[in-house]
Each structure stands twice: as C-alpha cells, then as structure tokens.
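Top to bottom, those sequences are chains W and S.
The numbering of the first sequence is my numbering, which starts it at 147 and goes up by one.
The numbering of the second sequence is my numbering, which starts it at 147 and goes up by one.
Among the clues, some could well be false.
The list makes no distinction among identical chains, and a pair is therefore deemed to hold if it is satisfied within one copy or across any two copies.
[What the hints assert, rightly or not] Using 25 Å as the maximum straight-line C-alpha spacing, the simulated PhoX-like pairs for lysine-lysine come out as follows:
#, residue 1, residue 2
1, K193, K166
2, K598, K558
3, K297, K166
4, K498, K206
5, K206, K297
6, K206, K479
7, K297, K558
8, K598, K479
Just so you know, the hints here were simulated from the structure itself, not pulled from any lab data.
Protein chains: 2
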Amino acid sequence: MGSFPFHQDLQEIASSQLTKALDPEEFRKQDHMVIDFIADYYQNIEKYPVLSRVEPGYLKKCLPESAPYDAEPISTILKDVQDHIVPGLTHWQSPNFFAYFSSTASTAGFLGEILTTGFNVVGFNWVSSPAATELENIVMDWLGDMLQLPKSFHFSGNGGGVLHGSTCEAIVCTMVAARDQMLSRIGSENLGKLVVYGSDQTHSTLQKATQIVGINTENFRAIKTTKSTGFALSPEMLTLTISSDLEKGLVPLFLCATMDTTATTAIDPLEALCHVAKEYGVWVHVDAAYAGSACICPEFRHFINGVEGANSFSFNPHKWLFTGMDCCCLWVKNPSVLVSSLSTNPEFLGNKASDSKQVVDYKDWQIALSRRFRALKLWLVLRSYGVANLRNFIRIHVNMAKTFEGLVRMDKRFEILVPRNFSLVCFRISPSALISSNEDDEIGMVNEVNCKLLEAINASGKAYMTHAVVGGLYVLRCAVGATLSEEKHIVEAWKVVQDHAQATLNTYW
Amino acid sequence: MGSFPFHQDLQEIASSQLTKALDPEEFRKQDHMVIDFIADYYQNIEKYPVLSRVEPGYLKKCLPESAPYDAEPISTILKDVQDHIVPGLTHWQSPNFFAYFSSTASTAGFLGEILTTGFNVVGFNWVSSPAATELENIVMDWLGDMLQLPKSFHFSGNGGGVLHGSTCEAIVCTMVAARDQMLSRIGSENLGKLVVYGSDQTHSTLQKATQIVGINTENFRAIKTTKSTGFALSPEMLTLTISSDLEKGLVPLFLCATMDTTATTAIDPLEALCHVAKEYGVWVHVDAAYAGSACICPEFRHFINGVEGANSFSFNPHKWLFTGMDCCCLWVKNPSVLVSSLSTNPEFLGNKASDSKQVVDYKDWQIALSRRFRALKLWLVLRSYGVANLRNFIRIHVNMAKTFEGLVRMDKRFEILVPRNFSLVCFRISPSALISSNEDDEIGMVNEVNCKLLEAINASGKAYMTHAVVGGLYVLRCAVGATLSEEKHIVEAWKVVQDHAQATLNTYW
Chain W
147 MGSFPFHQDL QEIASSQLTK ALDPEEFRKQ DHMVIDFIAD YYQNIEKYPV
197 LSRVEPGYLK KCLPESAPYD AEPISTILKD VQDHIVPGLT HWQSPNFFAY
247 FSSTASTAGF LGEILTTGFN VVGFNWVSSP AATELENIVM DWLGDMLQLP
297 KSFHFSGNGG GVLHGSTCEA IVCTMVAARD QMLSRIGSEN LGKLVVYGSD
347 QTHSTLQKAT QIVGINTENF RAIKTTKSTG FALSPEMLTL TISSDLEKGL
397 VPLFLCATMD TTATTAIDPL EALCHVAKEY GVWVHVDAAY AGSACICPEF
447 RHFINGVEGA NSFSFNPHKW LFTGMDCCCL WVKNPSVLVS SLSTNPEFLG
497 NKASDSKQVV DYKDWQIALS RRFRALKLWL VLRSYGVANL RNFIRIHVNM
547 AKTFEGLVRM DKRFEILVPR NFSLVCFRIS PSALISSNED DEIGMVNEVN
597 CKLLEAINAS GKAYMTHAVV GGLYVLRCAV GATLSEEKHI VEAWKVVQDH
647 AQATLNTYW
Chain S
147 MGSFPFHQDL QEIASSQLTK ALDPEEFRKQ DHMVIDFIAD YYQNIEKYPV
197 LSRVEPGYLK KCLPESAPYD AEPISTILKD VQDHIVPGLT HWQSPNFFAY
247 FSSTASTAGF LGEILTTGFN VVGFNWVSSP AATELENIVM DWLGDMLQLP
297 KSFHFSGNGG GVLHGSTCEA IVCTMVAARD QMLSRIGSEN LGKLVVYGSD
347 QTHSTLQKAT QIVGINTENF RAIKTTKSTG FALSPEMLTL TISSDLEKGL
397 VPLFLCATMD TTATTAIDPL EALCHVAKEY GVWVHVDAAY AGSACICPEF
447 RHFINGVEGA NSFSFNPHKW LFTGMDCCCL WVKNPSVLVS SLSTNPEFLG
497 NKASDSKQVV DYKDWQIALS RRFRALKLWL VLRSYGVANL RNFIRIHVNM
547 AKTFEGLVRM DKRFEILVPR NFSLVCFRIS PSALISSNED DEIGMVNEVN
597 CKLLEAINAS GKAYMTHAVV GGLYVLRCAV GATLSEEKHI VEAWKVVQDH
647 AQATLNTYW
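Next comes chain W alone, as it looks inside the complex:
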C-alpha cells in the first residue's frame, strides 16, 4: 500500500497514448513474437519433465513484491515466462501426459480461440453480437447431428444446445431447472425433500452442484457400484434407493447418468436408468464429459443408446474433441424450463429482437450474464479437420490405448483391472507379483506398491499418470489423449512403467 507515487497532477494526456495499447502494427509485431514462442514451446515440449518439479511457494521467490510502476518490454516478460512460468507448468500438451483426462489442444482450436479473443465481443443476448449466438445455435445442431442426438435435443426439434465452460456449470443449470420445475408443482417449502442420485463413481461435480443449488446435502445419493457390474450404476439399485426415499416422504428429483466415469470410464446403462427415472418423474442428465466425443464414431455411438429418454446431455470438446479449454456442450430437450429458472430481464438489456421472441438470448441458458464467443473455436475445429479426420483422431487414440493394454497383458507382473472402453487403461501390479500369505495384508500392500510405482513414474519426468481407487483397489490410469502422442510415446511410457516396477518390487523382496 502506498507503494506507488501519487500522480494526480496530470499533464495533458493525449488519448492516442491509450490507443497504442491496441495499435494494429504493434499488435502484429508482438503477437508474431508470442506465436513463435508457443510454436517453439511445442517443438521442445518433450525436454521438460511432464509433472512440474517445483516446490510450493517457488514463484514468490522469483517475482517482485508488487506490480511494476513503469512499462516493461514484451521480450523481458517472455524471458520470465520461459524462466519462471514454464518450469512451474505441468505439461498437459506433452505427448507423455497420460494423467486425468487430456485437454486436447489443436491448431484449429487455437485459431478459433484467438479470433474470439481478437473480436472480444460479449454475446449475452442476440443483439450484443448476433453472429455469436447464431453460430452457437448452428454448431450445436451440427454437433448434435454428429453425435446422432435425437431431434428433440436440436433447435429444429424444439430443444437446443448451449456452450458452457464446464460440466459443473451445465449440471448446476439443469439441476436448478429441474428443482424449480418440481417446486412449482409441490411448493417451494419442500426444497428440503428433494433428492439427487448418482453412483459412487459419478464425478464430484454432481455433489458440488447439489451443494450449490441449495439441495439438502443429506439427500445426495452416491449409490454403491461393484466390480461385477463394471462399476456402473445398477438400475435395480436405483429403484431400491428411490423407493426407500419415497417411503421416507422424500421427493426424487435428479439423476446424473455417466457415460464414462472418471476413475475407469465405466458406462451407466442409460436406457434402463431412463426407464426407472421416467417412472418416478426424475430429471435425467447424461454426463459424457470425456467419451461423448467418441460418439461421433459410429462404432462407439451405441454407448449412449437410450439418450432419447434423458432430459439433458453434456460433453466436453476440451477433453477429447481438439478444442482448447474451456468448452462444454449442453443440450436440453426443453429450453423453456432452463430459461424460466435462469432468466432476468433488466431494463438496460431490453431490445426489439429479444422482445420479438425470435432469437435466443443465451444469458438465460447459463449462470453468468457475460459470455465469450466460444462457438468460433468449435466451428474452426469441425471445419478445419472435418468429421472424417476427427473420427480418425479418436480412433488413433483408442488404438494407442489398445497398444498399451496389449503391452500390460504381456507382462505377467501386471493386470488390467477393468475392461478398456475407450482410450483409458486401468492397470496395476498384480497381487501375484508380491509374496504374502495374509489376504488382508495383501490388499494394503498391493495398493502401497502401486502407489509407490506411480510416484516413481511421475518423479522420472518421462510420463505423468494419475490413479483411482475402485472397490478398494488402487489402480494406475494411463489416459491416452494428448494431441502430440504417437505410438512411440506409448511404447516408451510402458518402458518407464516396467523399469520402475522392477525397482519398486525389489524394495519389497
């Protein structure tokens, strides 16, 4: 505080001094410099340890205590990016990144994002930038076609799609819509009786959305799954849980069915679940965050059979459709329910187009008022690669995962824990590779060995994988999905696993 000189005695400042902050020629020059910086980053990306090795608090030691008073040249700033920021990155675009689910960058996605940033329009309603709204309408219908979503989710079928930043926003919005629709029937004093359903494998985003929208957190049901059903939500268990809630006088509200769980890409049986939900008047949201992208390939589309029974559907092109962060596609069958819960109509936004009801005002389909022109990057990706290439990109990743799976199966010390559906391989050092007599001891020890193995792999800097615990078993996840990954990276990653497995096992013998 008080660290900057007090400059109120203004010399007359020419307004042209400000416009230099967006001078086209300066813009051109500096941007070409930064584009080259990023291209060089991709070229050298394999030189960096995938998982950052910095210690907590490292950056504070590298940067000054306060913002500079005077301007600094872009070359100085870029040097700091290289010296201080890059070492603190975990390199999601590295071909050796196999953690979480990938965030697939691409040249076309990048181009779309920079066009969006360049135009910098705020398309909260149609009139504030008609192209932003209309391109989003069109792209959502295009994608709906590619996924073979039923007509009822398309604008042309009285449904419609919207781009959010994340699945959590999509679930918050649909849950609020479902909540208000239900409360308008049973009275708002019954908010405390509403119940939300998922499985113990459903993404934590469902729990978070439940917390946010004011539903009693005690009424959040994470129904137990088992290995025998591939960790998918059982329709019978759902029926039992709903029945038990009804007996208690509670009101079943919302079910999140997952197309591909984060831990193991398990697939909840959508058709049967929708059948149960329909019987009890429960809103079904389908979360296909990662593998929704795979449904553009006819051979994977069957995984969402039954989607016509759902109320809403979302997936994230930023995960596996080569569109940079952030981008979540949400379709709803009945947009008016969403709009009814999320609309506000302040005077300052009043305009004839909105009054005519002939346009979509996306501010009423989402949490925020402001919104970026996200449709551009999706449009660029769809056009620049075309459906044929995008399908092949997905298949290449799946094939690479098959390669990795095959390598694991050839090594008797390892086992594949759950069947591979897409490009995620869940594996671990098998109990048989360890000597133990007591079964209880064994689970703990096997988990520990696998945990140590993962740490060793990640510490090597040569690959980054993450873990899950399903049915009490610790499992390593190799999630193939970085745009730059090639067959050779898969083979090398497996070699890294093998090398460290031997070292890890040795410490137990």
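For this one, chain W is given, so just place chain S on it according to the hints.
Structure of chain S alone, referenced to chain W:
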C-alpha cells in the same frame, strides 16, 4: 442423422496423422495468418456499422446444414469469417462503441490469453500446474495492493483472491458460503427464511445468484432508490427493511453493495452500509464490476472507503483494466468459508501437495472443477503497461467522458440526468425541448422521443449507445471505454447525437 458415411473399416492410421493437428510449423504458419487477419480487423474496424445490421436467422442461410465431412483449408474458413461472421458482430472494440460497459481489449491482454491457450493447462489444483495457481496468488496480491484493499483481503493477511469468469459466479460462490455459514448456526431447515438485499439499481446478477443458490425468491429485496440520493442504496432504508424482515421471523443473510450501478454508475455508501450489515450479521459483498478498475487511481480510491467492513469484493478487469473477456477478480476475507462450501475431494485428485495444506487448490474457490490459467493475461497487462500507464488509460477515458459531458451541457435541448462519476455520461433530450401541457403525457413523450433518438443513433452505424430507465425516466448512456476511442470519436459521436436529435424532434413538432 446418418448424414455421414460409415467408416468403420479402418485402414491402418499412423498416429503421426493426428499429431499434425498440432504440428509446430503448421501452427506457426496458420497462426501468423490469423494474427494478420485480426490486426487488419482492428485497422478497418471503423468501416463497419458498430451495431450489427443482420436480421435474426441470417447465418443459417449462409452456412451448410451440417459439419463438413472433409477438412477445409484455413483460407476458406477465414474468408467465411470475413464474409459471414464479421457482418454479424456488434463491434465491441470499435472506437465508436459506447454501449453497456466496454470490454477493453489490449495487445498485452491478447498476448496473455494466447499464452494461456497455447499452454492449455487445467489448473484445478496446485499440482496440476503449480505456476497457474501461484501466479494467480501473486497477481491477486499485486492487484489488491494497487486497489489499496485492506491487508485482510490479501493472502499475506489470511484472506485471498481468485479469478472467476464473471461477477455472477463470484456472487454465487460468496452467497453459497454465507448461506452455509448461516445455516450451520441456525439449521438447514431455515433455508427458506434467508433474505438477500440489494437496491433496485443492483445488477440483475444478484437476483440470478439468489435464484441459483436456492434462496426463496420472495426473500429477495430490491430496495427502492431515488434521484435525491443519486440512485444509491440508503442505509436507513436498509435498516428499515432488515427490521421489517426480522419482525416477520426472517433471517437477513447477504447484502450486495454496488460501487457503480450499471444504469448510472451510482455509488452505494459502503461505510454506512457495512455498519448496518455488521449490526445484523449480514455478509457484505461489494460489486465494483466496472469502476473497481478506477480505484488504481488515488483520486478515485475514496469511492470504496469502508471496504474493510465488507466480507468480499469483486471487480472485472475485462471491463476496464485492458484484459480481454473473461476475467473477474474476487477477494474474500475468510477463504475457509468459501472452501468449506465448495470443496469436494474425489480420490482421483488426491496428492501430497494438497494433503500438506501448504498450497491453494482453486477448484474449491469456484463453481467449476476445471479452470483456465487466467492469471497470465492479467500479469501481462500489469507488466506490459505498468501501474503508471494503466492509471493514465483510466484518466484518458474519464477525460473523454468529461468532454462529452461538456458538449451535452452546451446544447440547451439536452440535459445530464445524474452526475458523472467515471466515464459514463447519462443524458437525454430535455422536457423543455418538447411542447406539452400535460405533465403525465410529458414523461411518456419525453421517454418516447429519447427512445427514438437512441434507435436513430444506433441505426446510423456510426455509434452504439444503450439506455437505462431510472426513476421512470428513459436515459441514454454514453459509456466511454473502448481502447481505440480517441477525443475525435467523442466529438463525432456527439455530432451523430445532435444530427439525429434534430430529426427526431422535428417529427414531434
């Protein structure tokens, strides 16, 4: 549906075919092309009508029914952007854009955004990219210093800041935190009793947040303001409203005090309001979305005097701190309350750094799990311009608004409706410019004339302004704030207003 050939008979696809989607040399080439496209757009931006002239549904007629099956060259796509997208844009970066509040682009903000897009990391927790979290911590402390926020909002003072996309997200998160803190005291069965306070000038985002978090919408208080207090929220009215709610057995929860209302940049008296709120244990959030940026200038800082009594504070650098969409800074005094409401701890995100409690995991400070590395663009802006230039940029805009205000005052047909605080001028054709005898008729007619004037200005394509209605009076808003605006644009905009004013008035005589 079924519009694409079924290609399951895969030829062997080399994984290198996919990596071309992020080939550094191709990336470089295509990006330089698009950077030039954007630079040319800025160079030519004054040639376009500011408010788009397209009709609803225009784009559907220009684009194919479905996504292309085969790849299309970037040159073809860019031609379509120029021919079909640009005409559908309302040009927020035009120097003749005076609508809403601006969304200030800058070269440095753009550079930061493209670095973010290039790295494409997902920094939900510290380990997933330490630099993303740590730079955000640092930049938020830097900015907190620049705004002279009390130490209690800084990380170094046990508070802390986080970057959201929008004010609505910031308010949803703080309201959820306030809600849960209160319910933990009085029991969750009392959710229906909680009350939220703002004024009839508070941004609609408060009402929306209230709807989202499950607070009874009947318990949302938009306290009436009047011209006599400059449309600011009166502490006495707040006290009265709270007292009345307490008498009804309701529980006052949350107050949104606005530093600069959207309609007229009115300033709620923060110090007095915090005093009232403290007495009743109400959480105070300060929404300084637009004019928060001005507080980096010592001469404007007094407008948020009293902020030390608030619980949370937010403003949007994407509005007036030369940082592209989207960027909202939120500070809280007690991050643990936020984290307690918004945290989930799924196994797959477990890691030693989080377990150590020595790091910030921003996933627990926001709605979504995933998050972009937004701190980069703010850091680039602060460094590339420095505090001195940023202050001058703000002052240039304020000075230009003073120029416009001066021009309005010199024309007897017009009046300034409310005092100008920053760079927004609220004006209208004065009743005295119209002939009428009946007072009731007059208000309607004056509003109508001003509404017609605004339509005529915007239809000219030479300027884009929007309106507000305060105290029943229709007012034109000239919000100076585009980065490319110079003194000459202000003078020309005023000429456009004058020209159309005469034509509009003529139709009434």
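Between K297 and K558, at a C-alpha cutoff of 25 Å, which is it: within one copy, between copies, both, or neither? neither (49 Å within a copy, 59 Å between copies)
Homo-oligomer pair classification [K297, K206; C-alpha up to 25 Å]: between (53 Å within a copy, 17 Å between copies)
Using 25 Å as the alpha-carbon threshold, which applies to K498 and K206: within, between, both, or neither? between (51 Å within a copy, 20 Å between copies)
Quick one: K193 to K166, C-alpha cut-off 25 Å, is that within a copy, between copies, both, or neither? For K193 and K166, only the inter-copy Cα distance (19 Å) is at most 25 Å; the intra-copy one is 37 Å.
Can you give me the call for K598 and K479, within, between, both or neither, at a CA distance of at most 25 Å? Answer is neither: 47 Å inside a copy and 39 Å across each miss the 25 Å cutoff.
Within a copy, between copies, both or neither: which one fits K297 and K166 at a CA-CA cutoff of 25 Å? Neither: 50 Å inside a copy, 34 Å across copies.
With identical chains, the pair K598 and K558 could be close in the same copy or across copies; at 25 Å between alpha carbons, which is it: within, between, both, or neither? within (19 Å within a copy, 80 Å between copies)
State whether the alpha carbon distance between K206 and K479 is at most 25 Å within one copy, between copies, both, or neither. Between copies only: 21 Å across, 49 Å inside.
The structure fails to meet hints 3, 7, 8 from the earlier list, while all remaining hints are met.
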